[in-house]
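> Below are the chains, spelled out letter by letter.
Number of protein chains: 2
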Amino acid sequence: MSYKITKILNIQYPIIQGGMVWVSGWKLASAVSNAGGLGLIGAGSMYPEVLREHIQKCKNATDKPFGVNVPMLYPEIEKIMDIIVEENVKIVFTSAGNPKIWTSFLKDKGITVVHVVSSVKFALKAQEAGVDAIVCEGFEAGGHNGREESTTFTLIPMVKQAVSIPVIAAGGIATGRGMLAAMILGADGVQIGSRFAATHESSAHSNFKQTIIDVKDGDTYLTLKELAPVRLVKNSFYQQIQDLYQQNPTVKQLKDLLGRARAKNGIFEGDLENGELEIGQIAGLINEIKPAKDVLEEIIAEFNEVKTLIHSL
Amino acid sequence: MSYKITKILNIQYPIIQGGMVWVSGWKLASAVSNAGGLGLIGAGSMYPEVLREHIQKCKNATDKPFGVNVPMLYPEIEKIMDIIVEENVKIVFTSAGNPKIWTSFLKDKGITVVHVVSSVKFALKAQEAGVDAIVCEGFEAGGHNGREESTTFTLIPMVKQAVSIPVIAAGGIATGRGMLAAMILGADGVQIGSRFAATHESSAHSNFKQTIIDVKDGDTYLTLKELAPVRLVKNSFYQQIQDLYQQNPTVKQLKDLLGRARAKNGIFEGDLENGELEIGQIAGLINEIKPAKDVLEEIIAEFNEVKTLIHSL
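As given, the protein sequences belong to chains A and B, one line each in that order.
Start counting the first sequence at 1; every next residue gets the next number (my numbering).
Start counting the second sequence at 1; every next residue gets the next number (my numbering).
Same shape as in the complex, but just chain A (with noise of 0.2 angstroms):
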């Protein structure tokens, strides 16, 4: 395939593995990368010298352009920034922050940028800023999101028709229709959450990794938006905050209810009761957990497969 997104990110299939906190390690990242998509080492959940390593571990796993997604939330960004360029990591995915504030640092050392947004306004902001590519993330995403609520069908066009710069559909999306859909809706290229994290690479814990096969349509919900609106599953936490909402609750009180770790308890340590569950909705649609290169292949397949379908249509 020969798109825009392959040729900045120099990758086979226009699909990016999402860089997901305490899911997306050097195994996941470089297994998709090794499959000809781009794999992410999600920084979000490292410590700096955790990120290091697990950069060093994924050049040893694949000779293949792989990235590093980094949150600007992250209090020690400049040790995450300079372990980076030390480490001569040639593709970086910025979010949850102001791409002014790195991307010329960045860029100036040769590496690719792509940004983040949930909206027209940050797409337009981040294409002023100097980025290579943006993902545009839709309502529909697991974790943390917008707070325009903008759904994956109706941001991309928007965005499509709003920016210049190559548009990375993200949110919903896990098989090839999805990404055959998204790239109809104006997508360059798809980045894909909840399914890499149920595969065998991904470091979640298995306890996580069965409830995104168990998840149906609805069992998801985006909430805490007085905070950072974030995509979980209704779990014990999910119902303990909505009893919380029916008092009225300060932002502190949910602050505290929220409390710390919660994504790690339920994320990589497999707590499904009182852990943070960030799954997708797509998660309805996804039955198997298996290896990352066979979700890739699979996704592929089934893009060429309707491809071919559609003159019937």
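Chain copies aren't distinguished; within one or between two, either way the pair holds.
In silico DSS-like pairs for lysine-lysine, Cα to Cα no more than 27 angstroms straight-line:
hint : residue 1 : residue 2
1    : K90       : K293
2    : K209      : K234
3    : K252      : K225
4    : K79       : K264
5    : K234      : K125
6    : K7        : K307
No wet-lab data here; the hints were simulated from the structure.
Since the model is a prediction, treat every value here as computed from it, not as a measurement.
Following the hints, put chain B in place on chain A, whose structure we already have.
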């Protein structure tokens, strides 16, 4: 085009114009039907005898099939159903209620029944009730909406996998690209609301039509979830709702603020400040008020054009 849904409804194109309160009278419905889609009269905002008049005028204005959308919360629904039978309406779309109550009554009269759902669970219930097809409406749709908040991108493939009857996608669709993407995700046809509300034949106030043109990404929001979730434009009325939410309101307080006739005030009378402006997210892509026939032809032309471009993907 030859699809399951065009055969069931006896129409040329698999495009249904949503039956919208204060928008979809006989003028819009007959214009869409004459252009080869399926026009729907929205009974929700009509007194029974007003509906009868619209049905009669629609029959005079088109020889093509058209239908009536009936929200099942309608207080005098028995009268509405009697009029539909007396006036020999061939197609009924039911929404906002249990499909078991009226489906067999209508089917016994030879009427084609389509039910609107927002989840896999309700899709299965509608199929069990014996409807001929379902509309699956995603979170991005304007107006009243499901509690699951499933988006079009995730809802369509999940429902398609679960049912054997035809699936019509709704929510976020306004263009030929959107139509093709929805069909790739598994839809047999599409229902389009906001874009048909911004036509010459729509009975909405010109202020409301202009608002559809003006609305951008992020300007609508799903709120009043304690009553019935509704997507509306963030105008002064919306701000009043948000202010009330700061005070931990009871359901009664929310109902009192909503009051009566807000949708009429906003959509039909053009009160942009205090009216309820039910518009979908995709309005960000709608740029011109034009005849319904032109809208339908543009959608089909773009659908066909994009189909031919797919081989370059």
